[in-house]
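Chemist: Listed in order, the protein sequences are those of chains A and B.
Mind the numbering: the first sequence is residues 0 to 76 in numbering that gives the first Met the number 0, read in order.
Mind the numbering: the second sequence is residues 0 to 322 in numbering that gives the first Met the number 0, read in order.
Everything labelled a hint here was simulated from the structure, so no lab data went into it.
There could be a bad hint or two in this list.
Said to hold, decoys possible - Once the Cα atoms are required to be at most 30 Å apart in a straight line, the calculated DSS-like pairs of lysine-lysine come out as: (1) LYS296(B) x LYS43(A); (2) LYS198(B) x LYS68(A); (3) LYS11(A) x LYS233(B); (4) LYS72(A) x LYS1(A); (5) LYS14(A) x LYS292(B); (6) LYS1(A) x LYS29(A); (7) LYS34(A) x LYS229(B); (8) LYS160(B) x LYS16(A); (9) LYS43(A) x LYS66(B); (10) LYS21(A) x LYS66(B).
Everything numeric in this text was worked out from a predicted model, so none of it was measured.
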Amino acid sequence: MKIEILGTGCSKCNKTKEVIEKVLKSTGVKAEVVKVEDIETILKYGVMITPAVVVDGDVNIAGKVPDEKEVRKWITE
Amino acid sequence: MVDIFYPLQWIADKVTYEILRIGPDTHLGASVDFIIYEVMKILILLVAMIFVVSYIRTYITPEKTRKALEGKKGLQYHLLASLLGAITPFCSCSAVPIFIGFLEAGVPLGVTFSFLIASPLVNEAAVAALWATIGLKATLIYVVSGIFLGVFNGYVIGLLKMEKCVADFVYNIKVGDPTKKPKELNIKERTDFAFDSVKDIVGRVWIYVIIGVALGGIFHGYAPEGILAKYAGKDNLFAVPIAVLIGVPLYSNVITMIPIVESLMEKGLPVGTALAFLMSVSGISLPEIIILKKVLKNKLIGVFVLTITASIIFLGYLFNIIL
């Protein structure tokens, strides 16, 4: 599983990374977590409002920090 | 007319003068009473406004906004862009992706700017705080001014045909379509989203409300009557530009400023100067300009800052005269 966090570096993007890493740890799911800060790549996903989370190529959330419940749902689906 | 917030004033008075036993004519009493009342009133309006606006927002996505504006020229689209910008929040780090995304989709430069200008100026948290403190009439003036600033400045920038002043790489970027088509939400999902937004925003903003109200409260209780009128009244012609020039680079959350400005107004700050200051705080900030430097050449940034600053100063003078 590959999880990409799209964001240009504001605190919300870092918070998103923390939430995701926390959920991964507590569920034991293995995933590669990558922070993407390059605007071109972010736009290629059609994302305009950051932070956004892309799981295995699918854009899951854009615009706010996800809560643990949402992250859990994405990685266990 | 019945003041629906009277129960809050009653609670504030009871806590300040009976429970805390602070003397009724003291500076401390006035400050504490103000603080308790304002915090409650602001929080209630915050919850209400955020809920309503977030619910409405579930009908609008950046993608729909883009589609509605692509290739459209004309004053009415500047208005539409400003209105959509007012409802759509984004943190300043999203300004660049949004800007590029809009331009690449074919939204004209001026219309994109209308969106970008109106969005930080008119946000539901600020509107709620304004309503709670300086009243509905002044709040409506603020909102209309914000939309006007978006329309006017976006239009002017469009007229100046400064498309060449956008960094070259922007036009080479290809914006993808989101892989998942956002599905239409049902009522429960919209309500959940609205509740989540309330929790999210109030959770982030409550500390600024407290700080702003505390500072405003101290000023309210301790500053002499009319002191602002003396130094920054309507006949001081420098007051408006100075207020705006202070506000422009300021990176303070406008919510903190609102209760403070309310107290300043009670002590004689004219309403035009007050509104101009608030607009300059929320309209532009130094971090936003730094971020926009990635995609705009200096000339366009200069025009952007200058036109907004000038129009805010103009509005400040105008409101001082007519209100």
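Chemist: Please name the hints from earlier in the document that this structure breaks, with their numbers sorted from lowest to highest.
Modeler: Numbers 3, 7, 8, 10, in rising order.
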